[in-house]
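Chains as they are written, first to last, in the numbering used here: chain F, 6 to 474; chain G, 4 to 202.
If you're looking for bench data, these hints aren't it; they were derived computationally from the structure. Some hints here could point you the wrong way.
As the list claims (entries may be wrong) - Using 30 Å as the maximum straight-line C-alpha spacing, the simulated BS3-like pairs for lysine-lysine come out as follows: (1) Lys-415(F) to Lys-284(F); (2) Lys-285(F) to Lys-415(F); (3) Lys-195(G) to Lys-32(F); (4) Lys-352(F) to Lys-247(F); (5) Lys-54(F) to Lys-247(F); (6) Lys-284(F) to Lys-195(G); (7) Lys-157(F) to Lys-81(G); (8) Lys-195(G) to Lys-285(F); (9) Lys-195(G) to Lys-157(F); (10) Lys-157(F) to Lys-54(F).
Unchecked claim - Reference listing, derived: stretches of chain F covered by chain G, where coverage requires no fewer than 3 residues with Cβ under 8 Å from a Cβ of chain G: (11) 23-35; (12) 64-77; (13) 160-168; (14) 286-298.
Unchecked claim - FRET-style restraints, in silico, Cβ to Cβ: (15) Tyr-172(G) to Gly-55(F): 31 to 41 Å; (16) Tyr-172(G) to Asn-471(F): 21 to 31 Å; (17) Gln-345(F) to Leu-89(G): 34 to 44 Å; (18) Phe-170(G) to Asn-7(F): 28 to 38 Å; (19) Thr-26(F) to Phe-170(G): 33 to 43 Å; (20) Val-15(G) to Ser-349(F): 50 to 60 Å; (21) Thr-154(F) to Ile-109(G): 42 to 52 Å; (22) Asn-471(F) to Ser-123(G): 37 to 47 Å; (23) Ile-109(G) to Gly-342(F): 53 to 63 Å; (24) Leu-89(G) to Asn-347(F): 54 to 64 Å; (25) Glu-350(F) to Ala-105(G): 49 to 59 Å; (26) Leu-85(G) to Leu-411(F): 57 to 67 Å; (27) Ile-109(G) to Ile-407(F): 27 to 37 Å; (28) Leu-404(F) to Ala-105(G): 43 to 53 Å.
All C-beta atoms in this analysis are idealised placements derived from N, C-alpha and C, irrespective of residue type, glycine included.
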Amino acid sequence: MNNTVIIWLLLPILLGLGLVTIQRLPKLSALLGSLFPLVLAVLALIYSKGLTLNVLGRYFTLTDNLVFFGRATQITADQLGIIALLYFLCFAWNVMSGLFNVGRWFNSLTLIITALWASVQVITPFLYSAVVVELIALVSVPLLSPRGTPAKSGIIRFLSMQTIAMPLILLSGWMVTGIETSPSAEALVLRGSLLVIAGFSLWAGIFPLHSWLPMLTEESHPWTIGFLQTIMQISLAIFFLKFLNQYAWLRNLEEIKLVLKWIGALCIVSAGVLSVFQKKLSRVFGYLFLSGTGYIVLSMAFQQQGWLNLFTQYLLPRIFAYWSLGYTLSLLREAIGSEQLNFSELKGLIWRYPLSSILLLASLLNIIGMPLFSLFPSNRILLSILASESMPFRLFVSLGLIGMVLMVLKVLGVVIQAPEDVDQDKKERTLMIIPVVLIILVMVLGGIFPQFFTAPVQDLLISFQNLLN
Amino acid sequence: MTEIFQSLPIYVALLAALLNLVRRQWTLNLIALVVQFACLFPILLKIVPLQLALIQPFTGLMVTLILYLTLLGVGGIKAIDLRQSLTSGEIFRGLAGIFLLATLQIFLPQFQQAVFPFISSDHLFLSLGLILIGLMQLGTIREPFYLVIGLLTFLSGFELLYSALEFSYLLEAQLVAVNLLLAIVGAFFIVKNAESEST
Chain F
6 MNNTVIIWLL
16 LPILLGLGLV
26 TIQRLPKLSA
36 LLGSLFPLVL
46 AVLALIYSKG
56 LTLNVLGRYF
66 TLTDNLVFFG
76 RATQITADQL
86 GIIALLYFLC
96 FAWNVMSGLF
106 NVGRWFNSLT
116 LIITALWASV
126 QVITPFLYSA
136 VVVELIALVS
146 VPLLSPRGTP
156 AKSGIIRFLS
166 MQTIAMPLIL
176 LSGWMVTGIE
186 TSPSAEALVL
196 RGSLLVIAGF
206 SLWAGIFPLH
216 SWLPMLTEES
226 HPWTIGFLQT
236 IMQISLAIFF
246 LKFLNQYAWL
256 RNLEEIKLVL
266 KWIGALCIVS
276 AGVLSVFQKK
286 LSRVFGYLFL
296 SGTGYIVLSM
306 AFQQQGWLNL
316 FTQYLLPRIF
326 AYWSLGYTLS
336 LLREAIGSEQ
346 LNFSELKGLI
356 WRYPLSSILL
366 LASLLNIIGM
376 PLFSLFPSNR
386 ILLSILASES
396 MPFRLFVSLG
406 LIGMVLMVLK
416 VLGVVIQAPE
426 DVDQDKKERT
436 LMIIPVVLII
446 LVMVLGGIFP
456 QFFTAPVQDL
466 LISFQNLLN
Chain G
4 MTEIFQSLPI
14 YVALLAALLN
24 LVRRQWTLNL
34 IALVVQFACL
44 FPILLKIVPL
54 QLALIQPFTG
64 LMVTLILYLT
74 LLGVGGIKAI
84 DLRQSLTSGE
94 IFRGLAGIFL
104 LATLQIFLPQ
114 FQQAVFPFIS
124 SDHLFLSLGL
134 ILIGLMQLGT
144 IREPFYLVIG
154 LLTFLSGFEL
164 LYSALEFSYL
174 LEAQLVAVNL
184 LLAIVGAFFI
194 VKNAESEST
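Next comes chain F alone, as it looks inside the complex (with noise of 0.2 Å):
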């Protein structure tokens, strides 16, 4: 038991195994997929300063090592602050699943979900990782496709997607085999790379592979799509960053900047255009996925020393702005009983909802980055850096967030307009009041004062030395 990959991925996945047995018991069930993650994040933080813990004089020291079919998985102090995140995030969604109707799988489905997203940044030889993003999304299946519905169109793109990538990313590292010594090693650079980028765009649902994105989000759950997409966009841009950090072919390679930063501008054009044209709120989401996706790729893209400071910047703001906006298409959800919340259901939803949609416009201005909210610091810097870049980058990340803005007003018209024949009758309990007041205040004192989500993830990235230089 005093080994790092034990405690932090066998551990996880037999919880996950067991809480499966006490489904029936929803409360207990949410309790301990609640009370797992957090005991197993607050542990990998303590122990991310070095794998010795003086308690009173006692020391409890854990080894890093475990050979598993022959190959060694290791889990050094530096790499358990990634760990901690995502044990985080996964504590963040399980601690209010019994809130919503999410599903007896959720509590035991995440834990076994991040433990799978934690060794995908773990183990070695790191392309192997491939098929563990394959296994994550065949366990997702029940998360996003409950039982009582037929298989829809979104879960069939999403499995073909994902196992599409894996190969394309299996064979990237074959095929780069040798490279140094190779007399031709350009092409198969250029070869390599693409099988990257094409795996990983696959992976992520990048413009214009996202079709699923936004049907994904439209056919499940927020609350739940909430945590896989976030799990999912952020263990994947950190294992990325693990590729760039490995291969030194990939990183110097002078193209791929340029090909992020078109990555990123296309994700961000996209998705602010047809977010507009959405009819229903639970696709808006998907198409928030996809911008988030663009702006995270361009905070990789758009380094001018190192890698890491402004895709670090954007973790936690990020995360929190999904969190709080699946929260809060999960009240409308279950409050107003539409599954896809269409805006022709909101409509006069401030006179029946007044403290959700307040909370609904909060978190639509939070997660596009207008100022005095959270995610404005970090995106005030990447836009201070695209003034600098060419005409086409500019445009494309300025229509897009102008795309975005007319997507929140035209949310804010149909929540103000007037009711026609409904209730108009407050249908809120008082003491909604005090998480709505709580997250708004979390999300404007991350624009006021940035470290107060940068500070906790500054060494966060620390295992990836190259990218530090």
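Keeping the supplied structure of chain F fixed, place chain G upon it in accordance with the hints.
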């Protein structure tokens, strides 16, 4: 004669994959899936020891068994009707599949020389053929059962290709887990659809 005999599993496997692409009869599809996986064995035996060559076909049998038992549970197993005439969609899929394989055969020598010079052309033809037919299956259907068959075909082609490039016990274990989970997901979809049809 020996050459034809050696190439037989390749063409039988591709024929089985084509049958799964074209026909929509669950019992027939399961038999074709078993044949497809069984035909991988002699090909794998040429490059890996017997114990390792058994892994993929054996996993395939397990996967088919999971799907068979699920279909049996929901009343999906019926007698095969070989006289059922082909629909226009089936003819289209069949012709498109044959066209894909023919195109692959034409460009295989150049592709082999440029990318996979160490893999025999038979091995490469079968693995890429399965990958292409699997992709086509994924692009032409919506029913979950055929999605799973498409994914299994695609993965079996890739696994065959990768086994000629490098071998790792960890990767093999992971891929077995993926195949089995895929079958369980397929079973989950079949049961879900049967439940929602009955309500």
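For each hint, the structure was consulted:
With a C-alpha separation of about 10 Å, the suggested pairing of Lys-415(F) with Lys-284(F) holds against the 30 Å cut-off. For the suggested pair Lys-285(F) and Lys-415(F), the alpha carbons sit about 11 Å apart, so the restraint of at most 30 Å is met. Simply put, Lys-195(G) and Lys-32(F) have alpha-carbon atoms about 26 Å apart, close enough for the 30 Å limit, and the pair holds. Only pairs whose Cα atoms come within 30 Å are accepted, and Lys-352(F) paired with Lys-247(F) is rejected, the gap being roughly 46 Å.
Of the pairs offered as hints, the one joining Lys-54(F) and Lys-247(F) holds, with about 21 Å between alpha carbons and a cut-off of 30 Å not exceeded. Pair hint Lys-284(F) plus Lys-195(G) holds up; C-alpha atoms about 28 Å apart against a cutoff of 30 Å. Of the pairs offered as hints, the one joining Lys-157(F) and Lys-81(G) holds, with about 25 Å between alpha carbons and a cut-off of 30 Å not exceeded. A threshold of 30 Å between alpha carbons decides the hint, and for Lys-195(G) with Lys-285(F) the separation of about 26 Å falls inside it, so the pair holds.
The suggested pairing of Lys-195(G) with Lys-157(F) holds, with an alpha-carbon distance near 11 Å, which does not exceed 30 Å. For the suggested pair Lys-157(F) and Lys-54(F), the alpha carbons sit about 46 Å apart, so the restraint of at most 30 Å is broken. Beta-carbon proximity to chain G at under 8 Å applies to 0 residues in the region 23-35 of chain F; the threshold of 3 is not reached and the given coverage is violated. Counting residues of the region 64-77 of chain F whose beta carbon lies closer than 8 Å to any beta carbon of chain G gives 4, which reaches the threshold of three, so the coverage claim holds.
Remark: the region 160-168 of chain F is confirmed as covered by chain G, as 4 of its residues place a Cβ nearer than 8 Å to a Cβ of that chain, reaching the required three. Look at the region 286-298 of chain F against chain G: 0 of its residues bring a Cβ nearer than 8 Å to a Cβ of that chain, fewer than three, so the hint is violated. Our hint of 31 to 41 Å for Tyr-172(G) and Gly-55(F) holds, since their Cβ atoms are close to 33 Å apart. Range check, Tyr-172(G) to Asn-471(F): about 29 Å between beta-carbon atoms, so the 21 to 31 Å window is met.
For the pair Gln-345(F) and Leu-89(G), the supplied restraint of 34 to 44 Å holds, since their beta-carbon distance comes to about 39 Å. Against the hinted window of 28 to 38 Å, the Cβ-Cβ separation of Phe-170(G) and Asn-7(F) comes to about 33 Å, which satisfies the hint. About 37 Å separates the C-beta atoms of Thr-26(F) and Phe-170(G), a value consistent with the hinted range of 33 to 43 Å. About 56 Å separates the C-beta atoms of Val-15(G) and Ser-349(F), a value consistent with the hinted range of 50 to 60 Å.
In this structure the supplied range 42 to 52 Å holds for Thr-154(F) paired with Ile-109(G), their Cβ-Cβ distance being about 45 Å. At about 38 Å, the CB distance of Asn-471(F) to Ser-123(G) agrees with the hint of 37 to 47 Å. At roughly 58 Å, the beta-carbon separation of Ile-109(G) and Gly-342(F) lies within the given 53 to 63 Å, and the hint holds. Against the hinted window of 54 to 64 Å, the Cβ-Cβ separation of Leu-89(G) and Asn-347(F) comes to about 42 Å, which falls outside the hint.
Between Glu-350(F) and Ala-105(G), the C-beta spacing of about 53 Å keeps the proposed range 49 to 59 Å intact. With their beta carbons about 58 Å apart, Leu-85(G) and Leu-411(F) fall inside the hinted range of 57 to 67 Å. Hint check: Ile-109(G) to Ile-407(F), Cβ distance near 49 Å, so the stated range 27 to 37 Å is violated. Here the CB-CB span from Leu-404(F) to Ala-105(G) is close to 45 Å, well matched to the stated 43 to 53 Å.
When each numbered hint is compared with the structure, violations occur for hints 4, 10, 11, 14, 24, 27.
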